[in-house]
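S.K.: Spelled out, the chains give:
2 protein chains.
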Amino acid sequence: MGTEELKPYVIGLDLGGTNSVFGIVDSRGEIKATTAIKTQAYQDVNDYVNASVEALQAIIDIDTVGGIENIKAMGIGAPNGNYYSGTIEFAPNLIWGHNGVVPLAKLFSDKLGIPVALTNDANAAAIGEMTYGVARGMKNFIMLTLGTGVGSGIVINGQVVYGCDGFAGELGHVIMRRENGRPCGCGRTGCLEAYCSATGVARTAREFLATRDTDSLLRQLKPEDITSLDVSIAAGKGDELAKEIYEFTGEMLGEACADFAAFSSPEAFIFFGGLTKAGELIMEPIRRSYQEHALNIFRDKPKFLVSGLDGSSAAVLGASAVGWDL
Amino acid sequence: MGTEELKPYVIGLDLGGTNSVFGIVDSRGEIKATTAIKTQAYQDVNDYVNASVEALQAIIDIDTVGGIENIKAMGIGAPNGNYYSGTIEFAPNLIWGHNGVVPLAKLFSDKLGIPVALTNDANAAAIGEMTYGVARGMKNFIMLTLGTGVGSGIVINGQVVYGCDGFAGELGHVIMRRENGRPCGCGRTGCLEAYCSATGVARTAREFLATRDTDSLLRQLKPEDITSLDVSIAAGKGDELAKEIYEFTGEMLGEACADFAAFSSPEAFIFFGGLTKAGELIMEPIRRSYQEHALNIFRDKPKFLVSGLDGSSAAVLGASAVGWDL
Chain A
11 MGTEELKPYV IGLDLGGTNS VFGIVDSRGE IKATTAIKTQ AYQDVNDYVN ASVEALQAII
71 DIDTVGGIEN IKAMGIGAPN GNYYSGTIEF APNLIWGHNG VVPLAKLFSD KLGIPVALTN
131 DANAAAIGEM TYGVARGMKN FIMLTLGTGV GSGIVINGQV VYGCDGFAGE LGHVIMRREN
191 GRPCGCGRTG CLEAYCSATG VARTAREFLA TRDTDSLLRQ LKPEDITSLD VSIAAGKGDE
251 LAKEIYEFTG EMLGEACADF AAFSSPEAFI FFGGLTKAGE LIMEPIRRSY QEHALNIFRD
311 KPKFLVSGLD GSSAAVLGAS AVGWDL
Chain B
11 MGTEELKPYV IGLDLGGTNS VFGIVDSRGE IKATTAIKTQ AYQDVNDYVN ASVEALQAII
71 DIDTVGGIEN IKAMGIGAPN GNYYSGTIEF APNLIWGHNG VVPLAKLFSD KLGIPVALTN
131 DANAAAIGEM TYGVARGMKN FIMLTLGTGV GSGIVINGQV VYGCDGFAGE LGHVIMRREN
191 GRPCGCGRTG CLEAYCSATG VARTAREFLA TRDTDSLLRQ LKPEDITSLD VSIAAGKGDE
251 LAKEIYEFTG EMLGEACADF AAFSSPEAFI FFGGLTKAGE LIMEPIRRSY QEHALNIFRD
311 KPKFLVSGLD GSSAAVLGAS AVGWDL
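Residue numbers (this note's numbering), protein chains in the order written: chain A, 11 to 336; chain B, 11 to 336.
These are calculated hints, taken from the structure and not from any lab test.
Given the structure is predicted, the values throughout are model-derived calculations rather than measurements.
One thing to keep in mind: the hints can contain errors.
For identical chains, the list gives no copy identity; a pair is met inside one copy or between any two copies.
Stated by the list, open to error - Derived pair list, reagent style DSBU-like, types lysine-lysine, alpha-carbon separation capped at 35 Å: (1) LYS287 with LYS313; (2) LYS116 with LYS149; (3) LYS48 with LYS287; (4) LYS116 with LYS48; (5) LYS149 with LYS311; (6) LYS17 with LYS116; (7) LYS116 with LYS311; (8) LYS116 with LYS313; (9) LYS149 with LYS17; (10) LYS149 with LYS82.
Construct the complete structure from the given sequences, taking the supplied hints into account.
M.R.: Written out as structure tokens, the structure reads:
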């Protein structure tokens with residue numbers, strides 16, 4: 011155990027639908043070396059792990075790192091990752107993972123000879139924020155990741171909430187519209203994710219364009235081609251309709267946070283992901299709507315923060331932080 | 011500390027709007043002695059505490075208990091109770107507590123010379139269930155108390171969730187109807203409590219009687235006099251409309267539980283309070299609606315249980331269990 015504690019680095023893997031980004035990280039959150047492979051270039055998970063370990067070997071052996079004996083553990087943040095079992099379960103966007111239960115932590119651990127822990131990407135982001143970011147010192151907060159989907163990592167009494175099965179914290183799938191709700195990728199309707207993800211925002215844009223007369227830069231695009239990035243660009247140019255889209259999105263997030271406060275009364279809600287780049291255009295309606303909808307005892311209490319971690323490295327840092335706990 | 015551990019009893023106080031019931035309880039959950047006073051017979055909280063201690067003294071001194079030196083601590087379950095501060099804060103139904111912050115734990119501790127902890131009544135029920143009831147051995151569950159209001163006690167990783175301020179776990183005030191929701195006592199509309207409390211059930215009865223043609227025993231009563239007990243009695247006689255009222259109530263509880271599962275993925279939902287006396291009339295629609303509304307990964311997972319503690323003593327046992335942790 012004494013020598014274990016001397017190992018100065020952990021490996022973080024941000025396993026995304028497109029890229030798998032690896033980083034070797036020290037205890038202060040400094041990324042010493044990084045590498046990446048294409049997640050979906052492999053049909054079989056064993057090929058994926060072999061390719062990963064090969065890419066990793068090159069950065070493990072550089073002088074700064076000094077070999078595997080200086081690495082304490084590895085942490086993985088992955089969609090549908092289960093912390094308890096170290097598996098990825100029925101991940102719809104992974105060709106080698108959509109069809110069953112993949113024991114990814116064990117596969118990496120066997121190859122590398124170090125402990126490996128795995129959690130879902132939003133939990134990894136929450137752990138990263140708690141270890142290196144704006145949530146340092148916080149015992150109770152909720153992280154909401156606004157990307158292709160809406161993910162969440164919930165921290166209570168300083169611990170990530172995993173629930174009885176490792177799958178707790180799916181706040182993108184609480185129901186916000188019980189009647190005439192939008193269809194969600196999960197097969198149900200009215201989920202928060204169907205409105206407040208990047209795809210949800212693009213859909214809101216198409217709906218607003220179809221049902222409102224407001225002039226807008228977005229009318230120059232084919233409705234079916236509009237993305238949340240287009241909305242962001244238009245809003246940046248002062249486009250009124252684009253601002254209304256952020257208003258709508260922020261108001262729903264504020265309503266949702268009011269319900270989440272009734273659950274765990276967090277010290278802060280921390281937002282992460284592409285949509286947060288809209289800054290006050292989305293954060294102001296979130297705060298205002300929260301104040302309007304929260305139960306009186308929860309008003310004026312939580313902070314509404316944007317992740318302080320650099321977007322491109324946050325996920326790797328978050329994943330690496332999972333490794334420190336091993 | 012050695013002698014502390016030998017003290018065999020704790021005092022539990024179930025502080026309700028009408029009665030304050032005290033019990034002296036041993037570590038197996040056996041109530042050795044009990045007494046009660048009227049909560050609202052005192053304008054001033056000091057008079058209330060003096061009357062309580064006087065009533066308590068009589069049972070503390072009986073031979074079975076053997077005096078205050080055999081009592082380790084006192085636990086209080088009270089509306090709007092804050093565990094962190096030991097205070098009751100703006101409790102609308104208490105004449106000596108509706109108007110500010112009452113340091114009740116300290117007042118009792120000063121008088122009795124033993125440690126006193128306080129929590130809200132639903133958290134006390136959850137702790138009682140974990141210590142003496144159907145949640146023994148469970149690390150993750152949600153207790154829902156269906157009484158005059160809807161309260162909740164959330165347990166995650168074996169700990170009650172208090173949040174950053176001591177007020178977490180107000181699941182009666184998540185919003186179930188965002189449009190045309192019923193007014194709730196909290197000043198907002200559409201809360202779970204406005205539908206699934208005893209008063210909510212009585213209101214559902216009045217709405218169903220006004221909007222449906224179904225024949226019903228409830229039509230023999232003045233609508234404004236109908237209580238949830240009347241609905242229960244009618245349902246017991248096979249009344250169709252009364253059954254539809256439980257159906258409606260259970261379905262909404264199932265929908266709510268589906269959202270709660272997305273938060274903390276509990277091993278069980280445990281129901282407590284008057285409405286659970288309807289048995290399968292309410293539990294069957296809860297389970298069915300949960301299955302219908304839950305995200306696929308949470309279906310078929312949680313148990314739906316009714317509290318195993320005897321109704322009249324459960325609240326005292328729950329309160330006493332808070333004392334054991336001191």
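S.K.: Hint numbers the structure violates, sorted upward?
M.R.: Violated: none.
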